[in-house]
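Construct the complete structure from the given sequences, taking the supplied hints into account.
Sequences listed follow chains A and B, in order.
If you use the working numbering, the first sequence closes out at 545, no skipped numbers anywhere.
If you use the working numbering, the second sequence closes out at 545, no skipped numbers anywhere.
Among the clues, some could well be false.
[To be verified] Covered by chain B, per the in silico footprint, the following chain A stretches (three or more residues, Cβ under 8 Å):
1) 39-53
2) 63-71
3) 212-219
4) 390-400
5) 418-429
6) 457-466
[As the list claims (entries may be wrong)] Calculated pairs, SDA-like style, for lysine to any residue (alpha carbon to alpha carbon, straight line, at most 20 Å):
7) B:Lys530 <-> B:Gly481
8) B:Lys407 <-> A:Leu2
9) B:Lys67 <-> A:Ser7
10) A:Lys10 <-> B:Lys407
11) B:Lys10 <-> A:Asp418
12) B:Lys541 <-> B:Gly481
13) A:Lys10 <-> B:Gly419
14) A:Lys67 <-> A:Ala171
15) A:Lys516 <-> A:Gly448
16) B:Lys417 <-> A:Tyr15
17) B:Lys382 <-> A:Phe178
Bear in mind the hints are in silico, worked out from the structure with no lab data behind them.
The C-beta atom is built at its ideal place from N, Cα and C for all residues, glycine as well.
Protein chains: 2
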Amino acid sequence: MLENYDSLGKNQANYVALSPLSFLNRAERLHGARTAIIYGDLRRNWAELCDRIRAVASGLKAKGIGKGDTVTVLSPNTPELFELQFALPLSGAVINTLNTRLEAETIAYILDHADSKMVIADRELTPLLAQVFQMLGRSIPVIEVVDPNATNDITCPATLNAEPYATLLEAETNHTDFGLPDDEWDAISLNYTSGTSGRPKGVVYHHRGAYLMALGTVAGWQVPHYPVYLSVVPMFHCNGWGHPWVMAMVGATTVFTRTPAPNLLLAAIREHGVTHLGAAPVVLQMLAEAEGEDETKFDPPINVLTAGAPPPPSVLERTRAMGFEVMQVYGLTETYGHIAKCLWQDAWLSEAPSEQARLQAQQGIAFPMVEAVAVFDRETGKEVHRDSTEQGEIAIRGNTVMKGYYKDPDATAEAFKDGWFWSGDGAVVAPDGYMQIRDRLKDVIISGGENISSVEVEAVLYRHPAVQAAAIVAKPDEKWGEVPCAFVELRPEAEASEAEIIRFCREHLAGFKAPKSVVFSELPKTSTGKIQKFQLRETAKTMSN
Amino acid sequence: MLENYDSLGKNQANYVALSPLSFLNRAERLHGARTAIIYGDLRRNWAELCDRIRAVASGLKAKGIGKGDTVTVLSPNTPELFELQFALPLSGAVINTLNTRLEAETIAYILDHADSKMVIADRELTPLLAQVFQMLGRSIPVIEVVDPNATNDITCPATLNAEPYATLLEAETNHTDFGLPDDEWDAISLNYTSGTSGRPKGVVYHHRGAYLMALGTVAGWQVPHYPVYLSVVPMFHCNGWGHPWVMAMVGATTVFTRTPAPNLLLAAIREHGVTHLGAAPVVLQMLAEAEGEDETKFDPPINVLTAGAPPPPSVLERTRAMGFEVMQVYGLTETYGHIAKCLWQDAWLSEAPSEQARLQAQQGIAFPMVEAVAVFDRETGKEVHRDSTEQGEIAIRGNTVMKGYYKDPDATAEAFKDGWFWSGDGAVVAPDGYMQIRDRLKDVIISGGENISSVEVEAVLYRHPAVQAAAIVAKPDEKWGEVPCAFVELRPEAEASEAEIIRFCREHLAGFKAPKSVVFSELPKTSTGKIQKFQLRETAKTMSN
Numbered sequence: 001m002l003e004n005y006d007s008l009g010k011n012q013a014n015y016v017a018l019s020p021l022s023f024l025n026r027a028e029r030l031h032g033a034r035t036a037i038i039y040g041d042l043r044r045n046w047a048e049l050c051d052r053i054r055a056v057a058s059g060l061k062a063k064g065i066g067k068g069d070t071v072t073v074l075s076p077n078t079p080e081l082f083e084l085q086f087a088l089p090l091s092g093a094v095i096n097t098l099n100t101r102l103e104a105e106t107i108a109y110i111l112d113h114a115d116s117k118m119v120i121a122d123r124e125l126t127p128l129l130a131q132v133f134q135m136l137g138r139s140i141p142v143i144e145v146v147d148p149n150a151t152n153d154i155t156c157p158a159t160l161n162a163e164p165y166a167t168l169l170e171a172e173t174n175h176t177d178f179g180l181p182d183d184e185w186d187a188i189s190l191n192y193t194s195g196t197s198g199r200p201k202g203v204v205y206h207h208r209g210a211y212l213m214a215l216g217t218v219a220g221w222q223v224p225h226y227p228v229y230l231s232v233v234p235m236f237h238c239n240g241w242g243h244p245w246v247m248a249m250v251g252a253t254t255v256f257t258r259t260p261a262p263n264l265l266l267a268a269i270r271e272h273g274v275t276h277l278g279a280a281p282v283v284l285q286m287l288a289e290a291e292g293e294d295e296t297k298f299d300p301p302i303n304v305l306t307a308g309a310p311p312p313p314s315v316l317e318r319t320r321a322m323g324f325e326v327m328q329v330y331g332l333t334e335t336y337g338h339i340a341k342c343l344w345q346d347a348w349l350s351e352a353p354s355e356q357a358r359l360q361a362q363q364g365i366a367f368p369m370v371e372a373v374a375v376f377d378r379e380t381g382k383e384v385h386r387d388s389t390e391q392g393e394i395a396i397r398g399n400t401v402m403k404g405y406y407k408d409p410d411a412t413a414e415a416f417k418d419g420w421f422w423s424g425d426g427a428v429v430a431p432d433g434y435m436q437i438r439d440r441l442k443d444v445i446i447s448g449g450e451n452i453s454s455v456e457v458e459a460v461l462y463r464h465p466a467v468q469a470a471a472i473v474a475k476p477d478e479k480w481g482e483v484p485c486a487f488v489e490l491r492p493e494a495e496a497s498e499a500e501i502i503r504f505c506r507e508h509l510a511g512f513k514a515p516k517s518v519v520f521s522e523l524p525k526t527s528t529g530k531i532q533k534f535q536l537r538e539t540a541k542t543m544s545n
Numbered sequence: 001m002l003e004n005y006d007s008l009g010k011n012q013a014n015y016v017a018l019s020p021l022s023f024l025n026r027a028e029r030l031h032g033a034r035t036a037i038i039y040g041d042l043r044r045n046w047a048e049l050c051d052r053i054r055a056v057a058s059g060l061k062a063k064g065i066g067k068g069d070t071v072t073v074l075s076p077n078t079p080e081l082f083e084l085q086f087a088l089p090l091s092g093a094v095i096n097t098l099n100t101r102l103e104a105e106t107i108a109y110i111l112d113h114a115d116s117k118m119v120i121a122d123r124e125l126t127p128l129l130a131q132v133f134q135m136l137g138r139s140i141p142v143i144e145v146v147d148p149n150a151t152n153d154i155t156c157p158a159t160l161n162a163e164p165y166a167t168l169l170e171a172e173t174n175h176t177d178f179g180l181p182d183d184e185w186d187a188i189s190l191n192y193t194s195g196t197s198g199r200p201k202g203v204v205y206h207h208r209g210a211y212l213m214a215l216g217t218v219a220g221w222q223v224p225h226y227p228v229y230l231s232v233v234p235m236f237h238c239n240g241w242g243h244p245w246v247m248a249m250v251g252a253t254t255v256f257t258r259t260p261a262p263n264l265l266l267a268a269i270r271e272h273g274v275t276h277l278g279a280a281p282v283v284l285q286m287l288a289e290a291e292g293e294d295e296t297k298f299d300p301p302i303n304v305l306t307a308g309a310p311p312p313p314s315v316l317e318r319t320r321a322m323g324f325e326v327m328q329v330y331g332l333t334e335t336y337g338h339i340a341k342c343l344w345q346d347a348w349l350s351e352a353p354s355e356q357a358r359l360q361a362q363q364g365i366a367f368p369m370v371e372a373v374a375v376f377d378r379e380t381g382k383e384v385h386r387d388s389t390e391q392g393e394i395a396i397r398g399n400t401v402m403k404g405y406y407k408d409p410d411a412t413a414e415a416f417k418d419g420w421f422w423s424g425d426g427a428v429v430a431p432d433g434y435m436q437i438r439d440r441l442k443d444v445i446i447s448g449g450e451n452i453s454s455v456e457v458e459a460v461l462y463r464h465p466a467v468q469a470a471a472i473v474a475k476p477d478e479k480w481g482e483v484p485c486a487f488v489e490l491r492p493e494a495e496a497s498e499a500e501i502i503r504f505c506r507e508h509l510a511g512f513k514a515p516k517s518v519v520f521s522e523l524p525k526t527s528t529g530k531i532q533k534f535q536l537r538e539t540a541k542t543m544s545n
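Structure, rendered in structure tokens:
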């Protein structure tokens, strides 16, 4: 009887707020003696790390940081940034990690918009911060982290009045369990989208989503206990795709290199027996290029997640040959990172390697913690057919979708229209339900009434041996409306002519999809390495036909 | 700023009630064409199964079943029971699956106590149901399932006025997504504990817990996509340890054999390429005994969860030799099944096989979805030391702890004292944090001020080649207060004397732990196969010293 069932209420034993802080209790209880951190000569086990996290949280509170306060961190991937992923939420604060490659003006905008009450900065970035405060016309309290593995001799500008990170560690702590938030819907982090145009938007995550992201990642990536994880994904992207929280759950060892230089990463993989890592396709490409031809293949294979852009099939082929088991995942800052994965299907084994690579470059199917990922025709409101042809917009629904945009109710309402989060990504769906991104919707080229996917043409360009990087944008055309225009960055020493590039594309694509003109130049990129297509579009507009 | 963060609310895109019904949406969308069910000649894919579940839920509603209504199911493991694990919650009902080996009187008690509005019964069990209704003095609407693979020629008593299950399937359905509960705290199932004494208690689960149990099981057991799962765990135990829900999430094929006869199970494993199963230690023992010596070892190994009683090390040794990768898990009906697992540690590889088996027989560490499993000295309220010696009671906290006992506020309050769920199981904790059960607290024997674990002595008895089953209980003793008394069931044809058994125990145990007397007899068991120690205690009391 309903009333008898409903009378059974929540209590401390049977209801616990979902929060990644739980995983610290788990780590301390079950993995305390295991190595948590490897960085140069530094080793810390989970018990030591948990103690530090507790101390830093107390130190933050002693400095007046409390529930709902934004604290900004400006740091490369270091053990301090890793522990702050826990210590800031533990103090009640919301962690706001900034892309270290942002220009001062944008940082100033974010600090102001985010109502940031404190900045924790790696010493290397303190001169930038001084510029930022000058632009901002005011200061914010600064905590400075000095990384003994940093090779520069920068000093922290005196104007910042920075206090050392060590002062946070001196706080008195109790040694009870890690406390969880009152409400699992409480904010845990604030991540500004890099945005290729316009002001960045502040994406707010909550504890419930962060917990489910971590548990779902372990389930969906099949992460075993005690992996050795190489910290490559910048922790300023979606809190490192939620991986720091995952690592606490499974008692992992995380290996740091400060910078993602390929030689450092490859050396760390070999020295510490790395089993797992996540990285953008461009990093995988660099690793494949840096790896000597006579190096032995990694065996057992290294489990790699890749995301951020559709990986060129050639990169998948080459990294597989190295012993990387690459799973492409798809997601956005607004979805805590990955919410779909290109799960390998054994039936693909009978395909040629290049076809396998193409299949692996699909965005795939929903992660288990996601309620639904669907592709809709926005005009009819219906899901597209599973014919690999009809294109629609990817929409997502689930508990790992952001709370909303900070102080931006209009953008929030727009993103959540009709009960879905709208990605802005155009995709088709294969008969087996696997999605493949065709384009950011605004990147579609419409030529003579036909849609041309810039991603598809770019994939062909990347297969040309002389091409290092490539982008396709629309160029206005009197006859066709738009035609594809290629911007190509050649490999050092390599040569290719416009005619040759166009011919190569025509060999592999329907004629109307091949670029009508090719521009050879270095490509403009955002601070996160995304090619700034809007700039190329401007250039294309001014080109004569 | 807190108010800015708090102003971001829940909506359909970013908040979804946690419920295992979500996994049906996933299964239909992503695994539709994959085989879901294998039973004799029957094959159903996930799309067909989802259609049936939708129809059955509509059929139930058409019969007046709605939110918060208890519906009882009395059935062995069949595809119908599997689909009812979804269809009943989908209709809003609470699924109450009964142990098929219960006696009529207990079933009558449960139907009445549970406010059951309908009984869905396998034809084989309908004569029992007629008895039950006679005892109850009233009838409840009955739906009869006719299993074409049942070999008996039983007819359903006319007094039941049973309607065929097929009528449920004829209901009209819509083909929209599977709806989720309004509130993830809503009840999903009601499982009565078998209880070796007293009336059974009704344990209520909610959707949130069932969802987290499934996701946590995938994470903690590392279940891949598309396993082939053999349905052995009775679905009347903790909803089959939540495995039906797991299987929808990962697009599994579930293989049914109706009865757990070892020859049927072994044949199904070989014929269908089973990759995963769960079973009580006694079933594993039967499989090991039925498996021919010249059979090839299963390779790749079969992933097995075992629970229900601490597995005798000998069973672990023998099943490992067969190619079973056995992980022992620990839990209770009140915790949705497993909440701790004996995770294998590579360091154990250097131990002798018998020591490895002993280590594997520990209850281990918490599953990832569990907030905490701790062992407390109930007098001091402190956790016991990690010395493998100090004994306390296992307590559990987390989202996979029951809502409470149905219509039993006193027992609920008692179980949830001090913010923990108290298991009633006594255990010690090893230096590495692994728990090992010593006893149900009431099964501890206190002899001359020393605690003797009946489980420990029983483990030794099981190593004696003539012993089929054994139990140790306390016998009153003038000098020592209590002494251990052994009840032993010998293998067919095997012989052993009392003196020999005692000598064997003294060779492997401290003298005070060896039984002082041995009774050879068949052991009294509950309908679920648990040895009824309370009866043995009664017998021991009446024995002369």
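Hint by hint, here is what the structure shows:
1. Here the region 39-53 of chain A counts 0 residues with a CB under 8 Å from a CB of chain B, which misses the bar of 3, and the coverage is violated.
2. By the rule of at least three residues with a Cβ nearer than 8 Å to a Cβ of chain B, the coverage given for the region 63-71 of chain A holds, with 4 such residues.
3. Chain B is given as covering the region 212-219 of chain A, and this holds because 5 residues of the stretch bring a CB closer than 8 Å to a CB of that chain, at least three being needed.
4. Counting residues of the region 390-400 of chain A whose C-beta lies closer than 8 Å to any C-beta of chain B gives 4; at least three are required, and the coverage claim holds.
5. Restraint check on the region 418-429 of chain A versus chain B: 3 residues with Cβ-Cβ distances below 8 Å, three needed, restraint holds.
6. Only residues whose C-beta sits within less than 8 Å of a C-beta in chain B count toward coverage, and the region 457-466 of chain A has 0 of them, not enough to reach three; the restraint is violated.
7. Proximity of Lys530 (chain B) to Gly481 (chain B) is assessed by CA-CA distance (about 27 Å); at most 20 Å being required, the pair is judged violated.
8. A distance of roughly 11 Å separates the Cα atoms of Lys407 (chain B) and Leu2 (chain A); the hinted pair therefore holds under the 20 Å criterion.
9. Taking the CA atoms of Lys67 (chain B) and Ser7 (chain A), the gap is near 14 Å; set against the 20 Å cutoff, the hint holds.
10. For the proposed pair Lys10 (chain A) and Lys407 (chain B), the alpha carbon gap of about 16 Å is at most 20 Å, so the pair holds.
11. A C-alpha spacing of about 14 Å is found between Lys10 (chain B) and Asp418 (chain A), which places the hinted pair at or below 20 Å, so the restraint holds.
12. With a C-alpha separation of about 12 Å, the suggested pairing of Lys541 (chain B) with Gly481 (chain B) holds against the 20 Å cut-off.
13. A threshold of 20 Å between alpha carbons decides the hint, and for Lys10 (chain A) with Gly419 (chain B) the separation of about 11 Å falls inside it, so the pair holds.
14. A distance of roughly 18 Å separates the Cα atoms of Lys67 (chain A) and Ala171 (chain A); the hinted pair therefore holds under the 20 Å criterion.
15. Taking the CA atoms of Lys516 (chain A) and Gly448 (chain A), the gap is about 13 Å. The hint holds against a cut of 20 Å.
16. Between Lys417 (chain B) and Tyr15 (chain A) the alpha-carbon distance is near 14 Å, which keeps this suggested pair within the 20 Å criterion.
17. A hinted pair counts as satisfied when its Cα atoms are at most 20 Å apart, and Lys382 (chain B) with Phe178 (chain A) qualifies at roughly 17 Å.
When held up to the earlier numbered hints, the structure conflicts with 1, 6 and 7 and fits the remainder.
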